[in-house]
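Each chain, written out:
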Amino acid sequence: MAEVIAGSHETPVAKAQEHATTTGLPSTKLAMWIFLASECLLFGALITTYLLYRGASKVGPYPNDVFDIPYTSVSSFVLLASSLTMVLAVSAAQKADLVRMRVWLLVTALLGMTFVGGQVYEFTAFSKEGLALGTNLFGTTFYVLTGFHGVHVTVGIIMLLTLTSFSQAGRLPDDHGFSVEMIGLYWHFVDIVWIVIFAVVYLIPTGPTGGK
Amino acid sequence: MADVEHGHHPSVKEYIRIGIILAVLTGLEVAAKYANLGSATLIVTLLALAALKFILVVMYFMHLKFDDRRYARFFLMGLSLALTLFLIVLILFKVFLR
Chain X
151 MAEVIAGSHE
161 TPVAKAQEHA
171 TTTGLPSTKL
181 AMWIFLASEC
191 LLFGALITTY
201 LLYRGASKVG
211 PYPNDVFDIP
221 YTSVSSFVLL
231 ASSLTMVLAV
241 SAAQKADLVR
251 MRVWLLVTAL
261 LGMTFVGGQV
271 YEFTAFSKEG
281 LALGTNLFGT
291 TFYVLTGFHG
301 VHVTVGIIML
311 LTLTSFSQAG
321 RLPDDHGFSV
331 EMIGLYWHFV
341 DIVWIVIFAV
351 VYLIPTGPTG
361 GK
Chain E
397 MADVEHGHHP
407 SVKEYIRIGI
417 ILAVLTGLEV
427 AAKYANLGSA
437 TLIVTLLALA
447 ALKFILVVMY
457 FMHLKFDDRR
467 YARFFLMGLS
477 LALTLFLIVL
487 ILFKVFLR
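Chains as they are written, first to last, in the working numbering: chain X, 151 to 362; chain E, 397 to 494.
Take these hints with a grain of salt, some might be off.
[To be verified] So, partial list: chain E residues that the calculated Cβ filter (under 8 angstroms) puts toward chain X:
#: 1; residue: R413
#: 2; residue: L442
#: 3; residue: V454
#: 4; residue: G474
#: 5; residue: L477
If you are wondering where the hints come from, they were derived from the structure by calculation, not from laboratory data.
For glycine and all other residues, C-beta sits at the position ideal for the given N, C-alpha and C.
So here's chain E without its partners, still in its complex pose:
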């Protein structure tokens, strides 16, 4: 990613490369589903692969890696608020409403 250092958007070739990586990661997710992994291993694997895909799209296709950092801060505010709030809700419901 030579362009990254210069703060420019990726080239068409780099976009296609990222698209192929995303397709491979999706293939790995589906393969993991049928790979007879233990439940915990499968969940961790699927969440890690989904997180990787999420980050690739946000950083490269949505250009957060190259744009002004304030966009990323605003987006992360919403994302982290959602993750924190709903994690608390999930924990509270699982603990108190068994």
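Here chain X stands alone, though its shape is the one from the complex:
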């Protein structure tokens, strides 16, 4: 155990929790990483399904008919910015700067809400252009993939707001840093999934069979 702790690069808070487990690692953090590893399989399946049926739709609207790249690019910048504010919240929490931590958590939640709001607007616009869940293979695979991601962002927002209110009410343990770090891991994962979706779904051309 002693070697494990001496060799690790954990924060002081995480180190304090290592003593309680046989692995020398905090179980909550290990469980979070295993959960995120399993989420790779979930989103991997959804992205693969999208790729499998890419360009296979027999009727429109096709991706080139509905995608608004400048609009989605702004959404991507917003989600990336939320990852930065999240890591600043983690940094503040680890320095026990609770006021700054709450501010950054709220800013992250606000940026997340902007992203989800943008996604709702995008879905509404696509729907008005005739793309529903059952319209064609593109509609089905696109809405399921991005919808699942949107649900993950929404869950993240709920966790951020709950964390902030618990911190305000003094209902968090003294080591705020650990709780914020766990939520942060989830939030950053949602961001890296979007990095892949933005490139694979929005930016990579569909090809002659799936376009106009």
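Given the coordinates of chain X, assemble chain E onto it according to the supplied hints.
Quick look at chain E alone, frame taken from chain X:
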């Protein structure tokens, strides 16, 4: 990244620097989309930029570069399993279901 050698988390300034790099990479992705590149070049460029962004977030924002390596191993297990499994599925479907 002077902090890296000492195994500590980056400073606020370093986080902001990484955030700016991520924004620039996203800008490059969008620019590549409109740059009249060939289809293959565009796909390779976009995948490389996305991979770079992915690695930066995981290593610096999620602290895998600084934390105990066992976290990285668990995450890589899931990630590599997903990549291998779905690559096989994609190849099989493209080969046998044309």
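Here is what the structure says about each hint:
1. R413: 10 angstroms, violated
2. L442: L442 (chain E) check passes; min Cβ-Cβ to chain X is 5 angstroms, inside 8 angstroms.
3. V454: It holds, given that the least Cβ distance between V454 (chain E) and chain X is near 6 angstroms, below 8 angstroms.
4. G474: Hint on G474 (chain E): holds, closest Cβ of chain X at ~2 angstroms, below 8 angstroms.
5. L477: 7 angstroms, holds
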